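Work the whole structure out from these sequences, hints included.
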Amino acid sequence: QKEVEQDPGPLSVPEGAIVSLNCTYSNSAFQYFMWYRQYSRKGPELLMYTYSSGNKEDGRFTAQVDKSSKYISLFIRDSQPSDSATYLCAMSPSGNTPLVFGKGTRLSVIA
Amino acid sequence: GAVVSQHPSWVICKSGTSVKIECRSLDFQATTMFWYRQFPKQSLMLMATSNEGSKATYEQGVEKDKFLINHASLTLSTLTVTSAHPEDSSFYICSANLAGGADTQYFGPGTRLTVL
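Those sequence lines, one after another, are chains A and B.
The opening position of the first sequence corresponds to residue 3 in my numbering, with each subsequent residue numbered one higher.
The opening position of the second sequence corresponds to residue -9 in my numbering, with each subsequent residue numbered one higher.
Simulated from the structure, these hints should not be mistaken for laboratory data.
These figures come from a predicted structure and were not determined experimentally.
Heads up, the beta-carbon is just placed ideally off N, CA and C, and yes, glycines get one too.
Among the clues, some could well be false.
To be verified - Okay, derived cross-link-like pairs now, DSS-like style, lysine-lysine, Cα gap no bigger than 27 Å in a straight line: (1) A/K4 / B/K4; (2) A/K44 / B/K56; (3) B/K54 / A/K4; (4) A/K58 / A/K44.
As the list claims (entries may be wrong) - Computed beta-carbon distance windows for the label pairs: (5) B/I2 / A/P10: 46 to 56 Å; (6) A/L48 / B/H(-3): 16 to 26 Å; (7) B/S44 / A/A113: 47 to 57 Å; (8) A/A19 / B/N41: 39 to 49 Å.
To be verified - Not close to chain A: a few residues of chain B, all C-beta gaps over 12 Å, as computed: (9) S8; (10) F18; (11) H75; (12) P76; (13) D78.
Structure, rendered in structure tokens:
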């Protein structure tokens, strides 16, 4: 079993839809959870960061962490064509350690 | 904001040659930089952790003699792919840690290496 599992998609939704992206993980030591957005042939860009369990909201984006289920989610409301990208979840047990990434989910928002 | 650059952004080389990729933190100092490799439609896989002034720590399965890492200063780390082969063709991405936190890793734009 891989440390971080993420459905690679592709996921195609109409503009304005609510998008739900998910990752599961096996390492209970993970404390830091991140979501990155990566456009084609570019480096990842940090979208959301959550420490331990709970929810975090930033504009159209909401991140949820359920440590008891080892499950994290990213919700995108009112999705836009500009949201079309690959979304990667990443996590780590402590602050200055390398991140463990999911495979990434490719999202297409159709106008 | 914190900016990390990589040079070159893409490179094509012949099999057997060596290629050097630079990773720079432009407006902050980073004692730790990470090097990742990403194959098409795959996730980022950590290759090594680079610490300024000391030897890099390589992940299992990554040949340290093939992928030479030098963290010469607090703003520069280099990855040299020695005797490159077609199977080394990939997208190489570095990240630099601004403040030692999980949310303060900033990624470079990546370098696409194609070995013919």
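Cross-check of the supplied hints:
{"no.": "1", "hint": "A/K4 / B/K4", "result": "violated (34 Å)"}
{"no.": "2", "hint": "A/K44 / B/K56", "result": "holds (25 Å)"}
{"no.": "3", "hint": "B/K54 / A/K4", "result": "holds (24 Å)"}
{"no.": "4", "hint": "A/K58 / A/K44", "result": "holds (26 Å)"}
{"no.": "5", "hint": "B/I2 / A/P10: 46 to 56 Å", "result": "violated (28 Å)"}
{"no.": "6", "hint": "A/L48 / B/H(-3): 16 to 26 Å", "result": "holds (22 Å)"}
{"no.": "7", "hint": "B/S44 / A/A113: 47 to 57 Å", "result": "holds (50 Å)"}
{"no.": "8", "hint": "A/A19 / B/N41: 39 to 49 Å", "result": "holds (44 Å)"}
{"no.": "9", "hint": "S8", "result": "holds (23 Å)"}
{"no.": "10", "hint": "F18", "result": "holds (14 Å)"}
{"no.": "11", "hint": "H75", "result": "holds (22 Å)"}
{"no.": "12", "hint": "P76", "result": "holds (19 Å)"}
{"no.": "13", "hint": "D78", "result": "holds (18 Å)"}
In terms of the numbered hints stated before, the structure departs from hints 1 and 5, listed from lowest to highest.
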